[in-house]
Structures are given as C-alpha cells and as structure tokens.
Amino acid sequence: MRICFYGRLADLLGSRSLDDAPDNLTDGAALRDWLIQNHQQLSEGLTHPGTRLVLDNEVTDWDAPLSGAHDIAIIPIVSGG
Amino acid sequence: MAARRTIIELSERPFNADAIAAAFRQGSEEAGAIVTFLGQVSREDDTDPVISLHLDHMPDATLASIERIADAAEARWPLLKACIIHRVGTALRGEPIVFVGCAARHRRDAFEAADYLMDFLKSDVLLWKKEIRDDRADWIEPRPEDYDDKKRWES
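Which chain is which? The protein sequence lines are C and Y, in order. Just so we're aligned, residue 1 is where the first sequence starts under the working numbering, counting upward by one. Just so we're aligned, residue 1 is where the second sequence starts under the working numbering, counting upward by one.
In isolation and in its complexed conformation, chain Y is listed as follows (with noise of 0.2 angstroms):
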C-alpha cells in the first residue's frame, strides 16, 4: 500500500493556520493547485453567543477515523499531498477548529478533495462537541443537512 500523502495531526492547543498554510505550500511546487479550508468558532446566535467549543475526543480511534476518510480522499483524487489539522479540546469563540490543505496539478480535484474531507470530517469523525455559552453547555449532534452533505459523494 502506498504511503498516506496526508499529514494528519490533533491538536490540544490553538494553532496557527497562516503558519500552517505557508508550511503547506513549501514543497508543493509541482502543484498547479492548493485549496485551503479554516473552520473557526463561531458566535452561531448572535443573541445567545457562543462562546467556546468544546471537543470530546478518543486519541487512536479519533485519529484513525480521519485517516480512513483522508485514505479515502486520496484513492478518489490525484493529490499530491493533503493535510488535515483537528482541535481538540477547549477552544475559544474565533479560534482555528480546522484546517484541512490540498495540492493537486489541477484546481477541480484540489477543491473536490476539500470538500469531500470537509463532509466527511463534518459527519465521520469520532468527535464530540459541546456548545458553551454564558448559561448553559449543550451536546451537538450532527445536523441533517451534514448527512445530505455528505451523500452527495455517493454516486
């Protein structure tokens, strides 16, 4: 089996998705493309704020449920190489969540394969998320919307 082109990594601390992107583009020069994706906390309710993610996790079977998807990712498209970054964790309103890179020689498959880890990332991933705001902590389960999104890879 071929080597993952992907580099996977959780994250218990903020990090910095600029230093991240630019890190991602060195060495991509064969690319004729790169797409990146930053998912930050968001208010959600601008009358009832948002104000920390917290972010349940299992280390191993967290990190290898985002290894098949990115496994996947790779055997659909022609990536040169991909990258994949997960908060774990407490982590504030306005802070990274997510950043997922992709290098391909063209820019459909590089936006493709964002997407599609996106969609998966968003419904697949052995993650658990809690809302916190100034009242209350509420558990987040995966909206409809999220499995329609990702079933329009089924075809």
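Pulled out of the complex, with its shape left as it was, chain C reads as follows (with noise of 0.2 angstroms):
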C-alpha cells in the first residue's frame, strides 16, 4: 500500500511516499496507529488535530475504510495560499 504525505509529514518522513504499509489495514485509524507504531518520527504530525486522512483526492474523516481507494494521501492542516 502506497502512502503520500504533504507538507510538514513529508518533511518528518524525508520522503514524499512510502511502500511499506501492509494491505490488510482496514481503515484511516488502523493505517494512522499502524504508522505511529512504524515510523515514529511521524508521531508527532499524525497525532495533530488537524491531520487529515485523502483517499481519491476527496478529503475524508479516520474511520473511512481504504478498501477501493486507489490513491491515499495525509495531510498536515492547511495553510492555505
């Protein structure tokens, strides 16, 4: 499972995307715990209020499951432009 990440998480991350998630995380949440637990430097963004969970480029909330999701993104809140 393939996971992009924007702003401030890319920059915990040092990398825009990451492979490593398995396929069986059935949601936002379980995805969002699974990357606490495995990439820790991420902790501290995934943990903020306004991080948000994309799936098909429609902004969702953390329970939406990520069965049939082709693209799977988080956010950090906006700063708008």
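Everything hinted at is true.
Part of the chain C face toward chain Y, derived, beta carbon under 7 angstroms: (1) Arg8; (2) Asn57; (3) Val78; (4) Ser79; (5) Gly80.
Below are the SDA-like pairs computed for lysine to any residue, each with C-alpha atoms no more than 25 angstroms apart in a straight line: (6) Lys81/Y x Asp149/Y; (7) Lys151/Y x Ile77/C; (8) Lys130/Y x Leu12/C; (9) Lys150/Y x Thr60/C; (10) Lys130/Y x Leu63/Y; (11) Lys130/Y x Thr51/C; (12) Lys150/Y x Glu74/Y; (13) Lys150/Y x Gly50/C; (14) Lys151/Y x Asp61/C; (15) Lys151/Y x Asp115/Y; (16) Lys150/Y x Ser42/Y; (17) Lys151/Y x His48/C; (18) Lys151/Y x Thr51/C; (19) Lys150/Y x Asp138/Y; (20) Lys130/Y x Phe15/Y; (21) Lys130/Y x Met118/Y; (22) Lys130/Y x Glu145/Y; (23) Lys151/Y x Trp77/Y; (24) Lys130/Y x Ser43/C; (25) Lys151/Y x Ala75/Y; (26) Lys130/Y x His39/C; (27) Lys150/Y x Leu38/Y; (28) Lys150/Y x Pro49/C; (29) Lys130/Y x His48/C; (30) Lys130/Y x Glu58/C; (31) Lys130/Y x Arg16/C; (32) Lys130/Y x Val59/C; (33) Lys130/Y x Ile36/C; (34) Lys130/Y x Gly50/C; (35) Lys130/Y x Glu44/C; (36) Lys130/Y x Leu46/C; (37) Lys130/Y x Ile72/C.
Taking CB as the label site, the calculated pair distances span: (38) Asp46/Y x Gly68/C: 47 to 53 angstroms; (39) Ala33/Y x Gly68/C: 44 to 50 angstroms; (40) Pro78/Y x Ala29/C: 42 to 48 angstroms.
It is worth saying that the hints were derived from the structure and are not from the lab. In this text, all values refer to a predicted model and were calculated from it rather than measured experimentally. Virtual Cβ for every residue (Gly too), placed ideally from N, Cα, C.
Join the two chains, each given in its own frame, into one complex according to the hints.
See the structure below:
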C-alpha cells in the first residue's frame, strides 16, 4: 500500500511517500496507528488534530475504509494560499 | 450546471501578473468593474526576512479545492468572469504567489467577490507553505485572523 504525505509530514518522513504499509489495514485509523508504531518520526504530525486522511483526492474521516481507494494520502492542517 | 466562468491555474513557475491582468481585461467589455489582486512573497520580518516561500500541493486535490471556492463565489455574485492563478513550488521574495481577478457589471460585486476569494484561498485551499530564511525553514499554519476573515461571509 502506497501512502503519500504532504507539507510538514513529508519533511518529518524525509520522503513524499512510503510503500511498506500492509494491505490488511482496514481503515484510516488503523493506518494511522500502524504508522505511529512503525514510523515514529511521524507521531507528532499524525496526532495533530488538523491532520487529515485523503482518499482519491477527497478529504475524509479517519474511520473511512481504505478498501477500493487508489490514492491514499495524509495531509497536515492546510496553510492556504 | 452552467460552465464555470473562472479560469483557474496552478503555476510551477513565476508568472507575469501584468500580462495576466491585461489578458483578463481583454474580452471584459461588458464589465463595469474589474478588480484584480496580487499577492507576493513578503519579507514578513525585517530582522530575519523570508528569502523564499515553498508551497507544497497535491495537484488534483489542490485544483479541486480552488474550484469549489470559485464555484461558491460564482453562485454568490453575478460575475461575468473571474481568474485565479496560484503559484506552487518555490517562490522567491517579491515574486507573485496569487493573482485574483473578478469582472462584474457593478463594482461592489467585483470587490466583494475578490475579497471572498482571497479569504477562502487563504484558509481552505490544499496548500502547505514553508517560509525559508537564512538559518531555518518553518511550516506555516493558518492564523486565527484567517478564520475570522472567512467568518465574515457566513451571514
């Protein structure tokens, strides 16, 4: 499963994306928990209340199922233009 | 659904705001008022000035977030046309970040729509800004006043 990160989260990760998340994570909350355990440098960013899940370019809730999503991203609070 | 009357573009390179403003005026003969706004990368701080601004974005989702704001403005004001050009990537101090143009029959509609577009562009667009100075780089979050500016349009 490929996950993309933007803004501060990409800086914390040191990369735009990672590919090592297992395919059996059912929803965004499970993905977030897995990331916190396996990529601890992301913990601070992932627990920020403004951090959101994006599935197929739509900002969505953390309890949204991941099945069927082609593009998965996690974004920090937006700073706007 | 009517065709969108707002031209929207994300630019990875510096853009010529004068040329864009001139092009926007072309074909606006029916307009009684044209309001344009240009936002530039500012120093922010005289003692430790910003050298450049990096704008990270998600190409499709960022564009869609701007389209939603443009559609809301078109539904609220009788705009003849509008234009939003937003820079992404790294912009140097003094370079344009955003151009907004609104053409309407009456000036108040053009002024208000441009003001509305900027308030929502500042708070709702999927962009992440990093200010780069000599000795550090800081990701920027919206300020409380950015949300206050947006609330003005709730009534």
